[in-house]
Each structure stands twice: as C-alpha cells, then as structure tokens.
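Letter by letter, the chains look like this.
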Amino acid sequence: GIQVEQSPPDLILQEGANSTLRCNFSDSVNNLQWFHQNPWGQLINLFYIPSGTKQNGRLSATTVATERYSLLYISSSQTTDSGVYFCAVPADRGSTLGRLYFGRGTQLTVWP
Amino acid sequence: DVKVTQSSRYLVKRTGEKVFLECVQDMDHENMFWYRQDPGLGLRLIYFSYDVKMKEKGDIPEGYSVSREKKERFSLILESASTNQTSMYLCASKLEIQYYGYTFGSGTRLTVV
Numbered sequence: 001g002i003q004v005e006q007s008p009p010d011l012i013l014q015e016g017a018n019s020t021l022r023c024n025f026s027d028s029v030n031n032l033q034w035f036h037q038n039p040w041g042q043l044i045n046l047f048y049i050p051s052g053t054k055q056n057g058r059l060s061a062t063t064v065a066t067e068r069y070s071l072l073y074i075s076s077s078q079t080t081d082s083g084v085y086f087c088a089v090p091a092d093r094g095s096t097l098g099r100l101y102f103g104r105g106t107q108l109t110v111w112p
Numbered sequence: 113d114v115k116v117t118q119s120s121r122y123l124v125k126r127t128g129e130k131v132f133l134e135c136v137q138d139m140d141h142e143n144m145f146w147y148r149q150d151p152g153l154g155l156r157l158i159y160f161s162y163d164v165k166m167k168e169k170g171d172i173p174e175g176y177s178v179s180r181e182k183k184e185r186f187s188l189i190l191e192s193a194s195t196n197q198t199s200m201y202l203c204a205s206k207l208e209i210q211y212y213g214y215t216f217g218s219g220t221r222l223t224v225v
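Residue numbers (the numbering used here), protein chains in the order written: chain X, 1 to 112; chain R, 113 to 225.
Extracted from the complex, chain R is given alone in its bound form:
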C-alpha cells in the first residue's frame, strides 16, 4: 500500500540538463516536502508546499524550483543540473492539522555526470 510515490528510484543526468523529480501522494495531504540527503549531513529541506500552487523555500533552495498544480503532486525541478546536486532526494507529505504523521517516499538517487 504505497502512499507516497517517487517516479524514479535511480536517475542519471548530464550537467546542464533540466531535471524533473515527481512525487505523488494518495492520502489527501495538504503539506508536501522535498528533502535532500547527503552522507553525514542528515536531511535538509529544499522546498515545501502547504496548498495547491503555494510554495515556500526551505533551507537550501538554490538551484531548485518546485511546482504544485494539483494537491496530490509535488514536483522538484533542477533548472540546470550540476554535479553538486548529485544526492538522494526524498519527498514527504502530511496533514496540515497535525504536527506528526509524515509519510516519506522511497527516494530518488540522482547522479549528475
């Protein structure tokens, strides 16, 4: 019963390419998040969204943008991929009214060559 689905498990892209990472949730959650995970650094928030078409920058938004045209889908966009964006990307969602109840996707491991 997968609830947060990330479109790709592994992705290899070339420097300069425009990259789309897709995340879909089926739990009618209002809040959605994109995190980046690097060894020894934990998870760092890139962007989050609390409603359709609403987005807020996280702690490391540089080089990224997002799109939320529908409640269930939150896309992360790398406008021009660079090697320092090689990382694990994790999508998560939760209900707006709760402090807890996060559901994470299984992650996309992106390699930029």
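So that you can see chain X by itself, here it is in the shape it has in the complex:
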C-alpha cells in the first residue's frame, strides 16, 4: 500500500507561533485529507485538498501532488490547536469506497 510519512512527529510551540507540518506519500494520489484529533480523542476533518492551496481561518494547506507532498500551516497558534494532526490518502485511487491510509501523525502541543 501507499506509505504516508509525517514530520515532525512532535512539535511544541508557544502560543502565537507559526508552524508547518509536512506529509509525504509514496505514490500518486487523487486526493489527500488532513484531520485533527483533539486531546479527548475526537477526530475532525480539516481539509480535503487534492491539489493546490486552501485556507480556513488560521489554517491553510497546500498539496503538490506531482511531488507527492502536502503541507499544513498553522498561524498564530492557540492552545486549542493542541492535539494530533493526521494526513490521509485513499487506498483505492479513483474509488469512493473510502479506505484511507493514515500517517502516524504530528503531536502538537501549544503552551500559553
């Protein structure tokens, strides 16, 4: 299956700092998603980003599919940004069955 690698594995920030999380994948994909898991375990979808750049408030994401990577930018980080950030790619290209391969995640801790 497709290998998904995330870096860094851990990130500690002071509130207000900016950060960039990276996701590399081993094969061409037709879409990529970023998720955030809060400290209580709830996972929510942040971005569906097959290519290009999207922004949602202080978060933005860029996927360069031809070079097999995606970046998640967090600006002016807040303590509520803490948690684990996952990227995921489909196991079945072109299918909407929905099987995903997840990376191992980046654990982000934001201190006040």
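No lab work stands behind these hints: they were computed from the structure.
Incorrect hints may have been included.
Dumping the calculated DMTMM-like pairs for lysine to aspartate or glutamate here, alpha-carbon to alpha-carbon at most 25 Å [unchecked claim]: (1) R/Lys115 - X/Asp81; (2) R/Lys182 - R/Asp150; (3) R/Lys125 - R/Asp163; (4) R/Lys115 - R/Glu208; (5) R/Lys115 - R/Asp138; (6) R/Lys169 - X/Asp27; (7) R/Lys169 - X/Glu5; (8) X/Lys54 - R/Asp138.
A short, non-exhaustive set of chain X residues, derived as facing chain R with CB atoms under 10 Å [what the hints assert, rightly or not]: (9) Gly1; (10) Leu13; (11) Pro39; (12) Gln42; (13) Ile44; (14) Tyr48; (15) Pro50; (16) Tyr73; (17) Ser76; (18) Thr80; (19) Ser82; (20) Ala88; (21) Pro90; (22) Ala91; (23) Trp111.
All C-beta atoms, glycine included, are put in the ideal place defined by N, C-alpha and C.
The hints should help you fit chain R onto chain X, whose structure is shown.
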C-alpha cells in the same frame, strides 16, 4: 448534535471474552469504517462496509469480525479478546458518492486484561 455514536467510551474486558463494539450514525451514510489507533502507529483500518450486509477486510482484520444488519449500525466483534487488542477503536462514516466528509465517533478505549 452527535452524529456518530460509539456505545462505550471506556471498556475493560478479560482475555478470551467475546466483545462487541457498537457504532451508530444518523446521517444515512452508506460507508462505515472501523479503525484502530495505537500510539505512534496512526490509524489502521480493520474493516469497512459500503452497504447493508456488505463488508470488506481492511489492513488488520485478524481477530476481528463485523456486522452490518442495518444501514445506521456497524458493529465490531472481537471473537476472543486478547491483550494485544488493547487499543483505541474509532468508528467513522461517510457518503458513498464523496471522497471526503468523514465523520468520526469519539472512540472506545478498550483494555483487555
């Protein structure tokens, strides 16, 4: 407005017990998934279902089975629980026609002693 509900937040079971983890969604989603999350390993797919009574193995199906008798309910079954099945279990669902739009439950942390 909880949309994917997992029946238990924490569960402690004994080795050898048959364990049922229940997941219910109220969004009329066709696709449902069971993932297992272990520290440092991310999420790994156990089983998924794309329709009632239809199921497919994921990447780590050994020791597990599933049941989907109704569209809204997807059950994960540990036939004979073992200590290496101690983990966080996450259920998710989405519409069949979309690549995105996953909704996750809040997870069940299972400990097998």
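Here is how each hint holds up against the structure:
{"no.": "1", "hint": "R/Lys115 - X/Asp81", "verdict": "holds, 23 Å"}
{"no.": "2", "hint": "R/Lys182 - R/Asp150", "verdict": "violated, 29 Å"}
{"no.": "3", "hint": "R/Lys125 - R/Asp163", "verdict": "violated, 30 Å"}
{"no.": "4", "hint": "R/Lys115 - R/Glu208", "verdict": "holds, 17 Å"}
{"no.": "5", "hint": "R/Lys115 - R/Asp138", "verdict": "holds, 6 Å"}
{"no.": "6", "hint": "R/Lys169 - X/Asp27", "verdict": "holds, 22 Å"}
{"no.": "7", "hint": "R/Lys169 - X/Glu5", "verdict": "holds, 23 Å"}
{"no.": "8", "hint": "X/Lys54 - R/Asp138", "verdict": "violated, 29 Å"}
{"no.": "9", "hint": "Gly1", "verdict": "holds, 7 Å"}
{"no.": "10", "hint": "Leu13", "verdict": "violated, 21 Å"}
{"no.": "11", "hint": "Pro39", "verdict": "violated, 12 Å"}
{"no.": "12", "hint": "Gln42", "verdict": "holds, 5 Å"}
{"no.": "13", "hint": "Ile44", "verdict": "holds, 7 Å"}
{"no.": "14", "hint": "Tyr48", "verdict": "holds, 4 Å"}
{"no.": "15", "hint": "Pro50", "verdict": "holds, 8 Å"}
{"no.": "16", "hint": "Tyr73", "verdict": "violated, 20 Å"}
{"no.": "17", "hint": "Ser76", "verdict": "violated, 26 Å"}
{"no.": "18", "hint": "Thr80", "verdict": "violated, 17 Å"}
{"no.": "19", "hint": "Ser82", "verdict": "violated, 16 Å"}
{"no.": "20", "hint": "Ala88", "verdict": "holds, 8 Å"}
{"no.": "21", "hint": "Pro90", "verdict": "holds, 7 Å"}
{"no.": "22", "hint": "Ala91", "verdict": "holds, 8 Å"}
{"no.": "23", "hint": "Trp111", "verdict": "violated, 22 Å"}
Checked against the numbered hints given earlier, the structure breaks hints 2, 3, 8, 10, 11, 16, 17, 18, 19, 23 and satisfies all the rest.
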